[in-house]
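Can you make the complete structure from the sequences, with help from the hints?
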Amino acid sequence: MPSLFRKYRPQRFADVAEQEHVVKTLTQQILQGSLAQVYLFSGPRGVGKTTIARLLAKSLQCTNKDAGSAEACGVCPSCTYAAEGKMMDTIEIDAASQTGVDAVRENIVEGVRFGPSLGKYKVFIIDEVHMLSTASFNALLKTLEEPPKFAIFILATTELHKIPATVLSRCQRFAFTRIPVPAMVERLRSLTKAEGRTVEESVFIRIARLSEGCLRDAESLLGQVFDSVEGNVTDDAAKAVLPNSSLSLLNTLMDLLAAKNIAEAAHEVKRASEAGASLRHVHDDFLEYVQAVVFAVWGDNPAKTYDEATAKTIVAAAQKLGSRKAVALLDALLAARLRQTPALLPELPLQVAFFSWQQDTCHPEQKPDPVPDPIKPQPAPQPIAQTPILTTIPSLNSSPSHSPQSLPTSSLHNFPLRAYGPIGPEATSPTTPPPQRDASIQAKWGRCLEKAKEAGPGYALMVGSAQFVGMESNNTLLVEFPYQMHADRMQDPKNSKILLDAIKEICLLPEETY
Numbered sequence: 000m001p002s003l004f005r006k007y008r009p010q011r012f013a014d015v016a017e018q019e020h021v022v023k024t025l026t027q028q029i030l031q032g033s034l035a036q037v038y039l040f041s042g043p044r045g046v047g048k049t050t051i052a053r054l055l056a057k058s059l060q061c062t063n064k065d066a067g068s069a070e071a072c073g074v075c076p077s078c079t080y081a082a083e084g085k086m087m088d089t090i091e092i093d094a095a096s097q098t099g100v101d102a103v104r105e106n107i108v109e110g111v112r113f114g115p116s117l118g119k120y121k122v123f124i125i126d127e128v129h130m131l132s133t134a135s136f137n138a139l140l141k142t143l144e145e146p147p148k149f150a151i152f153i154l155a156t157t158e159l160h161k162i163p164a165t166v167l168s169r170c171q172r173f174a175f176t177r178i179p180v181p182a183m184v185e186r187l188r189s190l191t192k193a194e195g196r197t198v199e200e201s202v203f204i205r206i207a208r209l210s211e212g213c214l215r216d217a218e219s220l221l222g223q224v225f226d227s228v229e230g231n232v233t234d235d236a237a238k239a240v241l242p243n244s245s246l247s248l249l250n251t252l253m254d255l256l257a258a259k260n261i262a263e264a265a266h267e268v269k270r271a272s273e274a275g276a277s278l279r280h281v282h283d284d285f286l287e288y289v290q291a292v293v294f295a296v297w298g299d300n301p302a303k304t305y306d307e308a309t310a311k312t313i314v315a316a317a318q319k320l321g322s323r324k325a326v327a328l329l330d331a332l333l334a335a336r337l338r339q340t341p342a343l344l345p346e347l348p349l350q351v352a353f354f355s356w357q358q359d360t361c362h363p364e365q366k367p368d369p370v371p372d373p374i375k376p377q378p379a380p381q382p383i384a385q386t387p388i389l390t391t392i393p394s395l396n397s398s399p400s401h402s403p404q405s406l407p408t409s410s411l412h413n414f415p416l417r418a419y420g421p422i423g424p425e426a427t428s429p430t431t432p433p434p435q436r437d438a439s440i441q442a443k444w445g446r447c448l449e450k451a452k453e454a455g456p457g458y459a460l461m462v463g464s465a466q467f468v469g470m471e472s473n474n475t476l477l478v479e480f481p482y483q484m485h486a487d488r489m490q491d492p493k494n495s496k497i498l499l500d501a502i503k504e505i506c507l508l509p510e511e512t513y
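Residue numbers (numbering that gives the first Met the number 0): 0 to 513.
Calculated directly from the structure, the hints in this document are not laboratory data.
Just so it is clear, CB atoms sit at the ideal spot from N, CA and C, and this is done for glycine as well.
Errors might be hidden in some of the hints.
Stated by the list, open to error - Pairwise CB distance ranges, derived in the manner of DEER restraints:
no., residue 1, residue 2, range
1, K23, L460, 37 to 43 Å
2, K493, P242, 46 to 52 Å
3, G455, A13, 53 to 59 Å
4, S439, K23, 54 to 60 Å
5, L159, H266, 58 to 64 Å
6, R446, P242, 52 to 58 Å
7, E263, T98, 47 to 53 Å
As the list claims (entries may be wrong) - Below, computed lysine-lysine pairings styled on DSS-like, alpha-carbon distance capped at 30 Å:
no., residue 1, residue 2
8, K148, K85
9, K319, K269
10, K259, K303
11, K192, K311
12, K319, K192
13, K85, K119
14, K259, K319
15, K311, K238
16, K303, K23
17, K141, K119
18, K141, K269
19, K303, K238
20, K259, K269
21, K6, K238
22, K192, K161
23, K493, K319
24, K23, K6
25, K259, K192
26, K6, K452
Take a look at the structure:
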């Protein structure tokens, strides 16, 4: 019995799942007779590149097509041969197995010299074209540059960046996208109905999530379930066949983090590792998950890509965390993903991300939780009001009686600079006198940061969101940072000097010099 994706491969443009932007453009070109001679289809595996290439070839070679329609008739000799895979005017080449220059010369360079046998066009479909060798691309280039009028080339690739620029410049490109979960679920429902089977809705959603946007994978998994389970396919029966999904773990982690139960979230990761979960895949999945939380903060509907229960968890987390904490969590996960850890401790990157996120987003008026004695029971800690951290950075002398723009160039020294975070009205200490804003620095603050960012990408990341608050009566600069760790790094005199030098260069030079 053929696999589901072969048995139900679309035979018309109208049957293709998603990829409307590709189908619409190609059908319009067929109707208007404005075809390109070289197409390049790029995108993830299993999203319809080869299928649409064959449909295009079938439509072009159809000899009995209805006027005003781009669909092949399906009954003429060309369509019959195409359905049986015997169409001589359609040459399919798997570049992954035929990478050599001899194969290109024999199948394409020589084959393009002869016209079509049945219709008007001869179509060459080269799958995984990025696998061709340099010599093969060079042999193909001349043919692509000046092809015969009857020749149509369709190149398909999953790795667009490996295609030489000389080939790209001769192609009309189409970018294929991953199939979203709702569209994939709808496709799986139709296949299930066609097979006369009954499947619980949760199984469709599980398969759609596991396939990661690849429709061919989803159809293969559904076929595997049909072969293994008799009668009604329940969620419990499908679990014995389908790979484990990390979605339930992600929901649990998100609930724990939103409830500020960081320790339990770290333990949950450890338990998943001991149960055999691939934490690198879990980390990647959680990055996508938290990204959905960030978008949900700004009004996006996660139900477009997640099941109803998961979407509710995402929305609830977005409401609890807010934009700043959600973005900070995404940033911490992304930073931790790049770390390499010992094979015996695969859970460390996620755990470190959780702990770092908790510290960076800790409310400045809250005292960090005391470390409990693991032996002696401790009473529940009571919240204690605490003034925010204000870190003063050492600097050279400066006169408190002069504003920055009035200091002569010969007496320029580092101003005292006070950095603190996070940004917010709660970050201002009640013991600190209200700062006097300096109009010159405030007006040119953006240019000051741009100058400081020239120190390097790491420094640019640190000062990118810094805000100038003003100047205190003792001529001390006040700078706010969105994250306390960035404010702490400004304690290093080397870091503070870079920012101070940038401020002096931009704000203290005569206007006409910059």
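Provide an ascending list of the numbers of those earlier hints which the structure does not satisfy. Failing hints, ascending: 5, 12, 18, 22, 23, 25 and 26.
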